[in-house]
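K.L.:
Here are the chains, one letter per residue:
4 protein chains.
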Amino acid sequence: MSGNTIGTSFCVTSFGESHGPAIGCVVDGCPPGLALTAEDIQIDLDRRKPGTSRHVTQRRESDTVEILSGVFDGRTTGTPIALLIRNEDQRSKDYSEIAQTFRPGHADYTYWQKYGIRDYKGGGRSSARETAVRVAAGAIAKKWLHERYGTVIRGYLAQLGPIVVPFQSWEAVADNAFFAPNAGIVAELEAYMDALRREGNSVGARINVVAEKVPVGLGEPVYDRLDADLAHALMSINAVKGVEIGDGFASVAQKGTEHRDELTPQGFLSNHAGGILGGISTGQDILASIAIKPTSSIRLPGRSINLAGEPVEVVTHGRHDPCVGIRATPIAEAMLAIVLMDHVLRHRGQNADVRCPTPPIPGQAPR
Amino acid sequence: MSGNTIGTSFCVTSFGESHGPAIGCVVDGCPPGLALTAEDIQIDLDRRKPGTSRHVTQRRESDTVEILSGVFDGRTTGTPIALLIRNEDQRSKDYSEIAQTFRPGHADYTYWQKYGIRDYKGGGRSSARETAVRVAAGAIAKKWLHERYGTVIRGYLAQLGPIVVPFQSWEAVADNAFFAPNAGIVAELEAYMDALRREGNSVGARINVVAEKVPVGLGEPVYDRLDADLAHALMSINAVKGVEIGDGFASVAQKGTEHRDELTPQGFLSNHAGGILGGISTGQDILASIAIKPTSSIRLPGRSINLAGEPVEVVTHGRHDPCVGIRATPIAEAMLAIVLMDHVLRHRGQNADVRCPTPPIPGQAPR
Amino acid sequence: MSGNTIGTSFCVTSFGESHGPAIGCVVDGCPPGLALTAEDIQIDLDRRKPGTSRHVTQRRESDTVEILSGVFDGRTTGTPIALLIRNEDQRSKDYSEIAQTFRPGHADYTYWQKYGIRDYKGGGRSSARETAVRVAAGAIAKKWLHERYGTVIRGYLAQLGPIVVPFQSWEAVADNAFFAPNAGIVAELEAYMDALRREGNSVGARINVVAEKVPVGLGEPVYDRLDADLAHALMSINAVKGVEIGDGFASVAQKGTEHRDELTPQGFLSNHAGGILGGISTGQDILASIAIKPTSSIRLPGRSINLAGEPVEVVTHGRHDPCVGIRATPIAEAMLAIVLMDHVLRHRGQNADVRCPTPPIPGQAPR
Amino acid sequence: MSGNTIGTSFCVTSFGESHGPAIGCVVDGCPPGLALTAEDIQIDLDRRKPGTSRHVTQRRESDTVEILSGVFDGRTTGTPIALLIRNEDQRSKDYSEIAQTFRPGHADYTYWQKYGIRDYKGGGRSSARETAVRVAAGAIAKKWLHERYGTVIRGYLAQLGPIVVPFQSWEAVADNAFFAPNAGIVAELEAYMDALRREGNSVGARINVVAEKVPVGLGEPVYDRLDADLAHALMSINAVKGVEIGDGFASVAQKGTEHRDELTPQGFLSNHAGGILGGISTGQDILASIAIKPTSSIRLPGRSINLAGEPVEVVTHGRHDPCVGIRATPIAEAMLAIVLMDHVLRHRGQNADVRCPTPPIPGQAPR
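Residue numbers (the UniProt record's numbering), protein chains in the order written: chain W, 1 to 367; chain Y, 1 to 367; chain B, 1 to 367; chain C, 1 to 367.
Among the hints, erroneous ones may be present.
Because identical chains share one entry, a pair is satisfied inside a single copy or across any pair of copies.
Straight-line Cα separation of at most 30 Å, DSBU-like style, residue types lysine-lysine; simulated pairs [as the list claims (entries may be wrong)]: (1) Lys93 / Lys213; (2) Lys255 / Lys213; (3) Lys255 / Lys121; (4) Lys93 / Lys255.
These are computed hints drawn from the structure, not numbers from a lab.
Kindly produce the complete structure, drawing on both the sequences and the hints.
P.N.:
Here it is in structure tokens:
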């Protein structure tokens, strides 16, 4: 319970620091029989990786993933799948100032208080670089859910700083660097980001994620509800400060007649609940939304203290995302996929679908 | 991992249905030596219990708690503390209609889909009655945190339907039936609720919770962050649809210069982060906010289907809260206390403070 | 992870002290639909309860179990089943001497060192009285396994002190107070126990347990093997000092040609492995054996120290079992049942068998 | 809970197959500040690695370990430590026969039944090769326990097939290929193994492990006792069929006067309990013993079936250990170390000892 594992039946154990030799994870609990190659995982890694546009960090990482175990003749075997991503661009620089200073808004201060020691190079373990691991593990969950249930998990940028992005189409999402579901707004987003970058400041964002074709009955009452586990997984993403399911905070001002989703023999008439009732999936789309804070790594000076407790002024140099929300869409999708897959396996068992191809030995007990 | 336990070091395992013989829990992991009586727990139970004003359900439950184990000569021993609350007012009525129908917005449909069987009396396990157990367990955590660290955990109603409640003072909270931190607004809240009750409708609410004097260093990276575990615990409360830490969704439109909390030798200059950086407590106040949906148990008719899949019209009779948010403040406080205590014990160990009163046997290994 | 819960999918959380108000447990994860009454559980409790012969403790406890939750209209619902057993015979006596002294061979010293406080009445939490809870929870597992797979779980006394008990028949087991599978040896066992009681001493025992008609494929590699989890569960029983699976320690002197169980199209030709290969059940009978130490509660004086560290002589008065192994058979059966059921649910899921009686809403995602 | 993680506070998650690209693990929960290099781990890996004498498998693996994360400037940081060992000698051969056949005594049959697919090359995940990972993780635990408490963990071969090895000295253990604590018996062991190898057969072994200078108070009642967790960890080692704590099965024939360990102000007078009372460490030496079965990979033919259910004769070729017990001593030591460290952290917390070097910010809550 050391905090680097998520899931109880589909378990992802993450490791690695931003400027260490490698990052990676062990995915334990994937059912046997899934066709899986490194390419299946690379697709999502490439959607998240740095350096893909001028609006994100210019760190150069190919984020090439290697599958170390758990796959045999192209198929998963039910044993742990270890994924390894070597760090490539740990730029050599002078870290002595960072080593002595707590950057405001960063985890520098809390890691040092908690552990009495910290890897100050690039944020170490608290770096958003760790999220590559989530995307890699999530790609496995996405593929399994899609093959088994036809589940489709997608996300998009719903707001960038002050700019609300109206949903137009899923097709638009892949056509711009922002995961914006609206081609017409891209120019405005680009202009805003260019100005922000010149200013040396950062800004927040809102990401929405949706899962379609979700099995009904997922989620364990009372504490391990599907929505509670989703809130945990999404809030565990770096920089997330809020999570909503369905109508979220809009529910506060709603009346019962408005919020409750009526049923007919043809199905539900609305989805204010976001596909979850009593903590259990209804079979409707799962709808979740997250708030991402503006990153604290900015060029504008801020007040802080150093290890000696003296006041200092901090300016963050280096290669940073002025809006970490821009690359957050694949990460939020991954966390949604991981939670859904975990709950499918809790509900149905890891091997509930296994049917051995030949008859068992006579006299053996039935499966 | 069947979902009815929360916590990894301070573990609360809940049981009981709304109209069964009893509800209760086992609290495992409370350190030894805490002075504890049933009265300590009853205080918070009485704040949550039904029937305390005309604005909440009129079900009559004394919610009297019995400590069955784990306390010896008035002090906790480190062994599990079992708490029992007998149900007293399971009104006898005809449940045949509810048994055949899925009430819209309720967990009737999902429980039935998940389990193929459901306790339809009063919602069974999905009833908000289960939250009494959380409050009881939370009272232990509150007391321990207060005695050990001076931690104070409090909450209040921040919004009721359309009415935003400006924070005025903590003193005001105990003086009204709404946990409103503002004496001047109580008449408006009462009038709103009276009208709502006459209308037969329900409404949502927002609750804020605050923990003061929190130890620094709580929270495990990367997944079991303090904020992620808080999001899990708060989202696991019945009817919660959104969770915010610190500035929450307001962070979306903020810039980095605004959001990051600067430090000086005298302390932090602001608390946009809500007391958590990189998933670890900073020692500042923990700030969280939740959105509670309007309950679906209303007198106004709604469309649904029955077990045969035929369309029906559902009207909920019986004793229900027109705003479950009104009684939610002690519940949210309890979940915050449980999560904080769990993380203290993860960080420091359950017996890190135990110092035996006499010297160990010579030759024994040191503790 | 406070140590009072066993299982990951079928979770038993135990509470209660020997001389407190009650003992009990919460059984979380039992699949829905199992017909269950208190009588089903009472059968096994009565097999273990004290006072049933002159060879066991004369404490008078009816061990009457109450089901507090999780059962509706006579069937389990999938929600937690809370079981309560009130203590009835907490004989009032002077505990001041025990409170000041560490009885040799007991947990007095270790509890005090660990917690700095201990419930010294009747051993508190370390008392064998806690095993009633295991038997109650195990009765549910036994019933479910039997109904679902026809699994039969039985145990017997294989050795009492120096007396080896040759297995004759399962029928004999129920016909004597020792769970001896051999009617002809009962007189010898009785004579031995009578002499032992007069002497004021105690003795050890060996219990064998067997599960027949076990599903193949149970057990998770690498750490949570079925045999490893069985060893954990059996070694967790009070006074157990050794666990064997299959041939156990006899394997040390065996050769590969002797130990390996050959297969034919008609099945395995032997069962040296005890029904487990690579940590996974083969479908053969599961065979396990445990060593139970002689209880340390004896009338013969022993040297110890008191809280002040001074030497004292300890004589244990009161009502104790001269051979705790005599009542251990139902306990070992229960632990075997709990582990098997846990692994069935890990393998197949808690609700893998649920088939809803009517078609889901059109357009809903498949289960 | 997919079974490839052991520990709750000191968690080892293992991955890798015998003939895949690599094996390794993630060690999560190691406290910050431990000086750690790959060489510290390599020492124990070299004690276990194949090819070190003619009595073990001739597979050529350097078992070179790489630390991928969690260590900064030569010290652990409290974040996950990932360890990687590349497989080097996956001899290319024809596996078609093994792919179609279930070798008797192996996990071939159970893996195939469980997963419906198996990695048949060298046993895949069920291979004893996985134990290298345990030794690597255990080396970290050993070092930490030794630095923090002076704990020394050692093991030795107590019996090889029919040959009982009398304990003579710890010094002898390192001087022979068998980990035998007795120089005088080595010639007999060598002669026995040479004859066995010529015969093409295999044999079992008994290994004893001892931990000295163990903190008192480790172990959680009731289920997660130190002895129960030790039994789990030791039984999880490939080929182990029995576990004893202290006197183990000899306790069966003992009387209470013999078994109970008396106390004096100078300490315990004996250690029949093996250093654990009521599931909690006494501070005495921890004593455990395991039975290892003869490996089933032998050159002598055995009956089995193939995938089609037809009878076949199986002869195992390739490079195998005729007695897997010979290399098991470091593995048993590692598991003992892992369990002890896990329980220290459960008892005291992962960061209970962290003391930050400079004063916290004024006004911050105390740690």
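K.L.:
Each hint needs a verdict: does it hold in this structure or not?
P.N.:
A quick look at each hint next to the structure:
no.: 1; hint: Lys93 / Lys213; in the structure: neither (48 Å within a copy, 39 Å between copies)
no.: 2; hint: Lys255 / Lys213; in the structure: within (28 Å within a copy, 37 Å between copies)
no.: 3; hint: Lys255 / Lys121; in the structure: between (51 Å within a copy, 24 Å between copies)
no.: 4; hint: Lys93 / Lys255; in the structure: between (57 Å within a copy, 27 Å between copies)
Consistency note: the structure conflicts with earlier hint 1 alone.
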